[in-house]
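For the sequence shown, the residue numbers in the working numbering are 141 to 441.
Worth double-checking, as some hints may not be accurate.
[What the hints assert, rightly or not] Between beta-carbon pairs, the in silico distance windows are: (1) 363 to 392: 20 to 28 Å; (2) 320 to 433: 20 to 28 Å; (3) 440 to 180: 17 to 25 Å; (4) 433 to 225: 32 to 40 Å; (5) 381 to 248: 41 to 49 Å; (6) 248 to 374: 42 to 50 Å; (7) 381 to 227: 43 to 51 Å; (8) 257 to 302: 27 to 35 Å; (9) 191 to 253: 17 to 25 Å; (10) 431 to 383: 16 to 24 Å.
It is worth saying that the hints were derived from the structure and are not from the lab.
No residue lacks a Cβ here, since even glycine has one placed at the ideal position from N, Cα and C.
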Amino acid sequence: MRWGIRPWRDGRARSHDQDMELVMVVIRVSSIATARGPDQLDEWIVPLDGTTASERALPIASSLASATGSGLRLLTTQTEIDGSTATSYLENIAASLPTEVDADVDADQQPADAVAAAADSARTGVCMTTHARGRLLAALHPNIAAEVVTRAAGPVVLVGPACRAEPLGEGPILLAHDGSPEATAAGHHVLDLAALLHRAVEVVAVVSAPSGRPSDEPYPEESREMGALCDHAARLGVAANHRLVFASEVHDGLMDAIEQVQPALVAMMTHHRDRLELFREGSLTMDVVHHAPVPVLVARR
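Taking the hints into account, I'd like the entire structure generated from these sequences.
Written out as structure tokens, the structure reads:
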């Protein structure tokens, strides 16, 4: 086990950020889609704050590291955890994991800054547990997860309160698509990870229909964009299908699709949003994260 200890300037243990309960797990991921296909992952970084909530992400990160032949790195911004040193805490966690682990103590930065520094390239992803706040709380009290989504160079995996704390399942990746060219471009990032994980992809576009029933409209643009994404998947050797789902609310349609597909991972695309936009429009992504029984990979457009 290798260590990289960076104590806080005055030697005091840093107090928990009000959102440290959200917990952070950072993942080093391969570079995003290229014509030659995805690169191998380097390592998965798992920041912890000493809470059982933060440790819920460990089975997911460990299974991802194993599936991709990657290393695993534990990271904390605390210097003392439950009366023990951060070093001792991380050693105990490492001993319980089925893979070789590196560890860092970075007590010189706030949690979000530490995550952003660790995820400063497209080869780095972030996986964080979060309570997935509603639009009002998210606007008034932005959490670490929301900040990391806007700052991380690579994909961000969010582990919500309903997510099962267990290794990644055997199902496909469910990729939520809104029928736009931007969503297709962002979806290439998801296909890279699918190729590394050897997982099929189910591309789903939810059409908001008041009655929740299909209309006579064929929705050619949505079908064309999803088809283009499936074509790109084929070039990467990833099996992919696409479908339209009709529902009165997009959130409900996505949750129904998750129930039907039983994916190992849900992938969604999101925009950069400031507090006013988040308050005005809300966040479909965070709504899904809050209710999804599996992790949600967030890809930026």
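For each hint, the structure was consulted:
{"no.": "1", "hint": "363 to 392: 20 to 28 Å", "result": "holds (21 Å)"}
{"no.": "2", "hint": "320 to 433: 20 to 28 Å", "result": "holds (27 Å)"}
{"no.": "3", "hint": "440 to 180: 17 to 25 Å", "result": "holds (22 Å)"}
{"no.": "4", "hint": "433 to 225: 32 to 40 Å", "result": "holds (35 Å)"}
{"no.": "5", "hint": "381 to 248: 41 to 49 Å", "result": "holds (47 Å)"}
{"no.": "6", "hint": "248 to 374: 42 to 50 Å", "result": "holds (46 Å)"}
{"no.": "7", "hint": "381 to 227: 43 to 51 Å", "result": "holds (48 Å)"}
{"no.": "8", "hint": "257 to 302: 27 to 35 Å", "result": "holds (30 Å)"}
{"no.": "9", "hint": "191 to 253: 17 to 25 Å", "result": "holds (19 Å)"}
{"no.": "10", "hint": "431 to 383: 16 to 24 Å", "result": "holds (20 Å)"}
In the structure shown, no violation is registered for any of the earlier numbered hints.
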